[in-house]
Amino acid sequence: MNPENLALNVAMPVLGVSLVMAFARLVRGPNLVDRVVAVDLIGTLSIGIAGVYAVATHQAVFLDVAVILAMLLFLGTIAFAYFIERRTER
Amino acid sequence: MKSCILSTATRYLLPLMLLFSIYLLLRGHNQPGGGFVGGLVASTAFALYMIAEGVLAARRALQVQPTTLIGIGLGIAAASGGLDLLAGEPFLKGLWLPVAVPVLGKIGTPLMFDAGVYLVVLGVALLIVFSMAED
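Note that the protein sequences, when read in sequence, are chains A and E. Its first residue numbered 28, the first sequence is counted upward by one per residue in my numbering. Its first residue numbered 106, the second sequence is counted upward by one per residue in my numbering.
In short, the hints are calculated from the structure, not lab data. Each hint should be verified, as a subset may be incorrect.
Stated by the list, open to error - Simulated restraints on C-beta separations:
hint, chain 1, residue 1, chain 2, residue 2, range
1, E, L232, A, L99, 13 to 21 Å
2, E, R165, A, I69, 31 to 39 Å
3, E, L191, A, T84, 43 to 51 Å
4, A, P57, E, A114, 41 to 49 Å
5, A, G56, E, G187, 49 to 57 Å
6, E, E194, A, F110, 46 to 54 Å
7, A, A87, E, L123, 21 to 29 Å
8, E, G187, A, R55, 53 to 61 Å
9, A, G103, E, F141, 13 to 21 Å
10, E, W201, A, F110, 44 to 52 Å
11, A, M48, E, A184, 47 to 55 Å
Stated by the list, open to error - Take a look, some chain E residues computed to stay more than 12 Å from chain A by CB distance:
hint, residue
12, S126
13, G193
14, F196
15, V204
16, L216
17, M217
18, S236
Stated by the list, open to error - Stretches of chain A that chain E covers, calculated by requiring three or more beta carbons in the stretch to come under 8 Å of a beta carbon on chain E:
hint, segment
19, 93–99
20, 104–113
For glycine and all other residues, C-beta sits at the position ideal for the given N, C-alpha and C.
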């Protein structure tokens, strides 16, 4: 099995199912912290999808998408933590 | 909020993200990227610094007011069109230098316009982020 087929037929379904499960946690999450973790997980899975898609289509440009997504995701999670902490201080 | 881990990580990430934003700006004409994305990544770098060190430190690191950046950016973008008028061409038509600059390749008014967009996006995003963090 060549890498393109492996990426499309094995990695992509796994990532897709995980994405649905993470989204279910985002919708149902009992409190805010669960939802923040779910958003973080969805972002991480999107990075994985971008990487797998880069392998499947031979387009190195999608790896830059993964890099930018990783940087913004890092900032987003930190910003959530910052504002949750500020809200509980009041 | 003072976090040792976050400040240390920011010290490495801030220059890296600014460099990556410049890279996005420069290659934007032929590949995905450009002034808008570059400006957003640069503003993300300063927003990260703001969360790690506080709003005042981030304003000091930026050195100029975000509104000044917006003005300079709009001026540069308008000047890239004005150069065309001076050369007797239609407004905002792409003009390139006849010789290629090392590293950058052929530069011209599209890059100038993109640099203006970069500064405007950086200024607007930081204006929003700073004023949200201050109240």
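Quiz prompt | Unsatisfied constraints (hint numbers, rising) | solution = Hints 4, 12 contradicted; others consistent.
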